[in-house]
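Asks: Listed here are the chains, written in short residue letters.
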Amino acid sequence: MEKAIIAIAAALAVGLPALATAYAQAKIGSAGAGTVAEKPETAGTMIILEAIPETMVILGFVVAIMLILQFA
Amino acid sequence: MLRGKLLGMLEILHWDDWGALSEESIRKTKERLSLPLDQLTEEIDKSLDQFRERLAGYAKRKETLQDLYGRIKNSREMLRSFRSFIKDPAQADRNISLWWIDKTEASKVMTSLEDSLKSEREGSCSYSHVTHAFGDNQLLLCVCVPHALQPLAERTLRGNGGIRWRAPVECDEKDTIDILHCIDTMFLSIPDEIKKINEDLAGTALEWGPKLASMFILIDEELEENVVAQRSNPTEEYFLLEGWIPADVFADASAFLKERFGASIFLHWRYPTSDEWQDVPTALSNPSGTRPYQLFISLLRPPTYNTFDPTSFIAFFFPFFAGCMVGDIGYALLIFVISSFLWVKGSTPVKKDVGKILFGVAAWSFLWGIAYGEFFGDIGHRLFHMEPLWVERSHAVLPVMAFSVSLGAAHVLIGLFIGFVRGLREKNNHLRNEKGGNILILLAIFALLASLKAPFSTVLFPSGIVLLLLGLILLVAGGGIGGLIEGLGSIGNILSYVRIAAIGLSSAILAMVASKFVDILGLSILGILIAFLIHVLNFILAIAGSGLHSARLHYVEFMGKFYDGNGKYYAPFARRRRTLWKKQ
Chain A
1472 MEKAIIAIAA
1482 ALAVGLPALA
1492 TAYAQAKIGS
1502 AGAGTVAEKP
1512 ETAGTMIILE
1522 AIPETMVILG
1532 FVVAIMLILQ
1542 FA
Chain B
6 MLRGKLLGML
16 EILHWDDWGA
26 LSEESIRKTK
36 ERLSLPLDQL
46 TEEIDKSLDQ
56 FRERLAGYAK
66 RKETLQDLYG
76 RIKNSREMLR
86 SFRSFIKDPA
96 QADRNISLWW
106 IDKTEASKVM
116 TSLEDSLKSE
126 REGSCSYSHV
136 THAFGDNQLL
146 LCVCVPHALQ
156 PLAERTLRGN
166 GGIRWRAPVE
176 CDEKDTIDIL
186 HCIDTMFLSI
196 PDEIKKINED
206 LAGTALEWGP
216 KLASMFILID
226 EELEENVVAQ
236 RSNPTEEYFL
246 LEGWIPADVF
256 ADASAFLKER
266 FGASIFLHWR
276 YPTSDEWQDV
286 PTALSNPSGT
296 RPYQLFISLL
306 RPPTYNTFDP
316 TSFIAFFFPF
326 FAGCMVGDIG
336 YALLIFVISS
346 FLWVKGSTPV
356 KKDVGKILFG
366 VAAWSFLWGI
376 AYGEFFGDIG
386 HRLFHMEPLW
396 VERSHAVLPV
406 MAFSVSLGAA
416 HVLIGLFIGF
426 VRGLREKNNH
436 LRNEKGGNIL
446 ILLAIFALLA
456 SLKAPFSTVL
466 FPSGIVLLLL
476 GLILLVAGGG
486 IGGLIEGLGS
496 IGNILSYVRI
506 AAIGLSSAIL
516 AMVASKFVDI
526 LGLSILGILI
536 AFLIHVLNFI
546 LAIAGSGLHS
556 ARLHYVEFMG
566 KFYDGNGKYY
576 APFARRRRTL
586 WKKQ
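Chains as they are written, first to last, in the numbering used here: chain A, 1472 to 1543; chain B, 6 to 589.
One chain only, chain A, in its complex shape (with noise of 0.2 Å):
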């Protein structure tokens, strides 16, 4: 049971930043290809926004490997 709660938690952690990310990427994505449909040169600036929210999900995931070493 409790490592069940455990596996459920390192979910949790990495999962809801997961949906963030998604959610962050998806309208950054959007604008994103309409900024450089109109100018091409602004593609590197675009990557970048891209991947920012990236570090959301990185994180949780480092807090579940934590969470499961730790306690499971």
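Please note that the accuracy of each hint is not assured.
What the hints assert, rightly or not - Mimicking DSS-like on lysine-lysine, the simulated pairs with C-alpha atoms at most 30 Å apart in a straight line are:
#1 Lys1510(A) to Lys361(B)
#2 Lys573(B) to Lys1510(A)
#3 Lys521(B) to Lys1510(A)
#4 Lys1510(A) to Lys356(B)
#5 Lys573(B) to Lys1474(A)
Said to hold, decoys possible - Not the full set, but computed from the structure, chain A residues with beta-carbon under 7 Å of chain B:
#6 Ala1475
#7 Ala1514
#8 Leu1520
Keep in mind the hints are simulated off the structure, nothing from the lab. On a predicted model such as this, the values are computed, not experimentally measured, just so you know. By construction, the Cβ of each residue, glycine as well, lies at the ideal position given by its N, Cα and C atoms.
With chain A's structure known, arrange chain B on it following the hints.
Replies: Just chain B, lined up with the frame of chain A:
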């Protein structure tokens, strides 16, 4: 406007062979265009309009034929169920027609048709029909009646909401069987007609593409020459031209000009004045080994002249990080094959550069694959008893995470140090203090962390506190409260490098999942197929993920510490071949 027209026509012709356009072809076109620019423009414009009309006619005819072919194909598909009924010799002297009717009304329509036909022939009428359902609501009804009864059948069916099926083509024939033949004939003849138009267009593109492209280049040159000439302050005796030239080509360029124009040209060079430094364009100059990595800089605005070009750092760290994420000997060999193909066969310089960059990624992936002991996941271990040289990353998660964060710390510190040096060189106190403060705070954190475990913690702890205080003072002096936030951001940036471990771990686990399928399903076709598909997916993710994330680590975490991107690219006065008309 004219240039746009020319490029638009090249697009209609699908001609994009700028690389193969010879100087000879441009020279020949120039010889033919002897009129002054304004008359020439007018003449070309007129000819282009006529030519475009002809081309548009071709394109429209092709589009119409493609549309007709699609509709004929659908009709043939629709009539497939009725083909044997329509061609039945027993129906030869009778009238056959097709009707769309509502599916829910079908039985009512049929009863009504039967009743009306029977009443006409006093109960002795014979008619036959076939139906076929299309979609949820519609039914296509094929009715065969004697010629004399056709008007009555038609009235009855129309009265019950039936709609007569029409062929998608204008056929002279009236009988359904003849219409069917007409459709079949057109179904066979249209592709030939489209093929002929395509051949004509390809021939036109081959003949006219280079001519139009040469014309575009010449007009482009004429315009640019005119712009430069307007800035040349001409007098009766002389004119003056001023421009930027990279120092490393100055000797060659001046020797060429002296040889070409002799004593009639006066060359003078000077350094930019203090007001002009901000206008100096940037030309990136790197050794051939690192030059392909300029591609990463070309996606951004260039660095300001005389600031730092990070290409050489990207050339080392990009493949290193990407290789660390892929970390599989098998995948490394596949990347090597792709990179060799692009490097050797790449049709454009960008593709060749991508090939060279992938070669670096393949080399580091191979080395990291040895460190992790991975060959297509755990296949190497299963078949060849391969053992990791360092750690098995699917099991030892923490060491790999700690290592990637350490890499991040080193990378971010290098970025901060470059920013600090830039601050010193430019005498920018704000930049110098902010980056210097950041470096001290990070060093303080490392010292304090080390003091928890290291044997000489009595020295490390107070040193860490002193560094922390100094760093905070510098940070506040350099950037105020914003500087403090920047300091916290640097810690976040370092933690962000944990993605190297995370992506690598997910790749390793996915590769193991592929092998598990073979365990569960055995050495069957299904098991091998699923394992193969998972490896394909993993390989694509490995290439895309490692490339994107490694690029992001450079753009955001590393270059964010010193790169300003306020420069403008050096665009020499030269012949340009490739142009995107949408950009103009």
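Asks: Run every hint past the structure and note whether it holds.
Replies: Now for the hints, and whether the structure bears them out:
Our distance criterion of 30 Å between C-alpha atoms is met by Lys1510(A) and Lys361(B), whose separation comes to about 27 Å. For the hint linking Lys573(B) to Lys1510(A), the alpha-carbon distance of about 16 Å falls within 30 Å, and the restraint holds. Between Lys521(B) and Lys1510(A) the CA atoms are separated by roughly 47 Å; this puts the pair beyond 30 Å, and the hint is violated. Simply put, Lys1510(A) and Lys356(B) have alpha-carbon atoms about 22 Å apart, close enough for the 30 Å limit, and the pair holds.
With a CA separation close to 58 Å, the supplied pair Lys573(B) and Lys1474(A) exceeds the 30 Å bound. Checking Ala1475(A) against chain B: minimum C-beta separation of about 21 Å lies over 7 Å; hint violated. For Ala1514(A), the interface hint holds, the least distance from its beta-carbon to any beta-carbon of chain B being 5 Å, beneath 7 Å. For Leu1520(A), the interface hint is violated, the least distance from its beta-carbon to any beta-carbon of chain B being 9 Å, above 7 Å.
Taken one by one, the earlier hints fail for this structure at numbers 3, 5, 6, 8, listed in ascending order.
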